[in-house]
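Residue numbers (this note's numbering), protein chains in the order written: chain E, 1 to 277; chain X, 1001 to 1277; chain L, 2001 to 2297; chain F, 3001 to 3297.
Because the hints were derived from the structure by calculation, they are not lab data. Among the hints, erroneous ones may be present.
Residues from chain E that keep clear of chain L, each with C-beta distances beyond 10 Å, as calculated [claimed, not checked]:
{"id": "1", "residue": "Ala18"}
{"id": "2", "residue": "Thr136"}
{"id": "3", "residue": "Ser140"}
{"id": "4", "residue": "Asn173"}
{"id": "5", "residue": "Lys184"}
{"id": "6", "residue": "Leu188"}
{"id": "7", "residue": "Pro209"}
{"id": "8", "residue": "Ser211"}
{"id": "9", "residue": "Ala243"}
{"id": "10", "residue": "Trp261"}
Result set (DSS-like, lysine-lysine): computed pairs, CA atoms no more than 30 Å apart in a straight line [to be verified]:
{"id": "11", "chain 1": "F", "residue 1": "Lys3130", "chain 2": "E", "residue 2": "Lys68"}
{"id": "12", "chain 1": "F", "residue 1": "Lys3238", "chain 2": "F", "residue 2": "Lys3162"}
{"id": "13", "chain 1": "X", "residue 1": "Lys1068", "chain 2": "L", "residue 2": "Lys2130"}
As the structure is a computational prediction, the values presented were derived from the model and not from experiment. Ideal placement from N, C-alpha and C gives every residue a C-beta, glycine not left out.
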Amino acid sequence: MTEFLSLHDAIAAYVPDASTVALEGFTHLIPFAAGHEIVRQRKRDLTLVRMTPDLIYDQLIGMGCARKLVFSWGGNPGVGSLHRLRDAVEHAWPRPLEIEEHSHAAMAAAYAAGAAGLPCAILRGYAGSDLVAHNTNIRSVECPFTGETLAAVPALRPDVAIVHAQRADRAGNVLIEGITGVQKEVVLAARSAIVTVEEIVPDLRAPSPNSTVLPHWTITAVALAPGGARPSYAHGYYPRDNAFYIAWDSISRDRDQFTRWMREHVLESSTSVEAVA
Amino acid sequence: MTEFLSLHDAIAAYVPDASTVALEGFTHLIPFAAGHEIVRQRKRDLTLVRMTPDLIYDQLIGMGCARKLVFSWGGNPGVGSLHRLRDAVEHAWPRPLEIEEHSHAAMAAAYAAGAAGLPCAILRGYAGSDLVAHNTNIRSVECPFTGETLAAVPALRPDVAIVHAQRADRAGNVLIEGITGVQKEVVLAARSAIVTVEEIVPDLRAPSPNSTVLPHWTITAVALAPGGARPSYAHGYYPRDNAFYIAWDSISRDRDQFTRWMREHVLESSTSVEAVA
Amino acid sequence: MSDVAAERAAPWSSAEMMAIAAARLLRNDDVCFVGIGAPSLACNLARLTHAPDITLIYESGTVGARPDVLPLSIGDPELCETARTTVSVPEMFAYWLQGGRISVGFLGGAQLDRFANINSSVIGPYDTPKVRLPGGGGAPEIAALCRQTYVVMAQTRRSFVKRVDFVTSFGFGEGGDHRQRLGITTAGPTLVITDLCVMRPDPTTKELVVTALHPGVTREQVIENTGWPIRFADPLDKTSSPTTDELSTLRDLQRRTNEAHARGLARGQTPRAQPEGSDPLDRGQIPQVSDPLARTT
Amino acid sequence: MSDVAAERAAPWSSAEMMAIAAARLLRNDDVCFVGIGAPSLACNLARLTHAPDITLIYESGTVGARPDVLPLSIGDPELCETARTTVSVPEMFAYWLQGGRISVGFLGGAQLDRFANINSSVIGPYDTPKVRLPGGGGAPEIAALCRQTYVVMAQTRRSFVKRVDFVTSFGFGEGGDHRQRLGITTAGPTLVITDLCVMRPDPTTKELVVTALHPGVTREQVIENTGWPIRFADPLDKTSSPTTDELSTLRDLQRRTNEAHARGLARGQTPRAQPEGSDPLDRGQIPQVSDPLARTT
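Just chain E, with the same shape it has in the complex:
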């Protein structure tokens, strides 16, 4: 059964040091509050998995929480680089960062394979790309009917998935609306799943019989975190703070300024940054 926990307790219970953690949300519903709680709890040696690392992984990497990053696109969307990610890869600051790099198509398929209990995903992928030579987790299989060679990647099965959603009901069933990304897949693929939500309500108010609902028995813990996706957004609740994404470019460019910002807005904040940001 789903536990209802504070965000602090959920992270403390299910994100041990050195675990493999996937905070997902494709631009939409990025679980910033949960990421900040991981920073505050000084988690170390995490393997961070995420298609688009975005600002949240820039922050986790810059604060030294990560040992390894599995990803497919590591930029600040529409703005430019993730400077903390670059600094870690280019200059090992604040610590070396191992990377495992995929394409979006492969990572999405790998999450789907994880959700589907398969050991691997197959796709028409990576044709002619140098990525193949730098990632031993990109292999191939031969179609037993046509003889074609298809790319294969191992299923992603994180220790813990963390996603943000619009709402949960009191039994712990969760509704996700809008750009749903790989959230259903990562929750079903992971060994445990934490969902932060805007609201806990008596009735989910799913608008359609086909709405994306994760039943309570697929979720380990629900934590109430209104605004928990800011500066990302929650469809139906608040918009994306594009100005903050643009501002992050200069906040994050310099190590000292980054550290100051994190201290002020995350570490010394009793609640998480989205309450002030």
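Fit chains X, L and F to the known structure of chain E by using the hints.
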């Protein structure tokens, strides 16, 4: 661009003799009106593909339209046998019927592979089942990461998919709600797709941003066919005619009675049977 | 008291006993992959009695359905309308069944053998069948991918056979560690519930052994209705009789169901009387919902 | 008239010319897989001018988006709110991209070579990069699976190189039939639109050849900004100048976009002035939407 055609013209144009046709709809939204039109146009030598042949394929098979059936469960749900299907397999009446038999999991995955442009699907399937020995389209691949053996089936790519849906807008975009089965997959997997609809409306009235909508450029032809799923049902429009499903058992048990029923309700009906049934 | 007299005397039918015995074995936190017929009856009976929060998943994609009447098909409107969510069929089989989310899968069929292998495909040779049955549907993967499976089917010498004509759904194969040798990691058919008794696999050989007799049923009756030399556990349990609440809940559900399924008959049609279970393998004990041919899907 | 003078004299910027030239090449019935930045600008400009029914698909899952302002990210609220439907990301890549439903995919990157291979991964060696770029995102499969791809990127000698440091997205490889030899069945990069010119692959060798110069641009300017001995088609076309309608539509769109993106800045934050494109490979010609590093996703 989607053509708006009468059901007669859509079937005449896109269902040639000897083609591979998939009328899908998992219990819900079964395109009976389209199937009856195929019967009226005396199509021959069809390869019929469908997970659950249901009454509509019992009728097509009994009327001699089919050369081959690709399926995974061929019964009258909750009632018993499909007597025309049995008569064709057991006694070659009215003509021999070749069968290619799968499991639901494999057929669903094969449609998904067809939609995804893959030559095959992989699954943890058919473990220990004798079906493997009787279907050369069940093969295996080895996972290049774990060495596990997985079942593989070829992607399904019918010549034409036929599905029924709640409504289309005037551009030909289609909304499907409720039990969506493999309808999206079969439309995207097929070379052409005919959709019969309850209504053609100015606005689709999709209840959610994540509603199942097939864009007009994925659909070859839309045909208006109110009640076109009866005795199956259309969520939000009319219920399943369970009493007719039960009655079909005796209607279909006897060759002559079956033929009489088809003549009266389908062949000699200027519209299709769902108008009377 | 003769067997027939015992059954006649009991204020419940053997089919009712089977449904009740199966329902009792389900838990409030089970996630069940439900087939039409006896499994659907047992699961909904459990939901309406001791397991109100049980999750029922039907392969049409409905997750958490709470139907007021039993569905005739696997995808009746009632299921989608009462479900928590409805997903596509490819997703159902990939993420929910193959993804290992199901605690109990239900199986039935035309034939079951002593290692709980099930045939729902053909009687006679595959290419020239005596009886062409509906086929496996979801069953081959339900058998392999649910954490465990319960078989619910009426017991006769023709249906409980020494060796099935065709293995549609693999149980324990030739017995012993055959599942493990095929790389199957789930527990398989841990329970067989019939209208006469409950069977469980021997821990080592995996041969089915009767562990409990239903009230009024004798060992001889079981032996007579089993196509192999059936063994009995020692001590042998006895299933408790249905309670008043179980029986009335079951009968209410069936009454509502039969009324609902008789409605909406095609305009202008003159239907025959409700068809008898005239399929050669059908005992037809529970009209409309007990056809063994329809059980697995 | 010197090049600089020509550009200064023109009532439009070279970045505007690039966006307009790209927009013109799109058709009303195209289904486009759109990246952020220049592709999104070009596609929406096409939609707001000659191609009102064009279908724009963003990899976040939004199908048929009709944004009023350009999205900053690939998944801005504007996209989902205006889309015909929004699907999951695994479905987007499997059914829509890999399924062959896209007529035109857009690509850009930090480096492009004479066979239209693209690098958006690293400058320098992969394991010890001089510049770690964002990476491929959707690009490796966009390059292989769209029926054709259009490359839109600003042209400099540093970005148009003889050989890319890293092939993120395969164009024509070593040229000739290299695509076919890898089993790729799509046409690949059939057009490259820069701020100076339009290039197309030679039908046989697949080397990029300049087929049209933008107004005011000279051959010498193109040669100067290309890292390999670039060839010119004969006859060589000239891109028509932007129309008043094209320019005003483009500028309205950008004005709305810049206003929208400046709104909603974090409470209590003191943002710096809008960041300059200080990335080593960024010319920063169109503030906020022209960063080449952000183009492919």
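Would you pick out the hints that fail for this structure and give their numbers low to high?
Per hint list: 4, 5, 6, 7, 8 violated.
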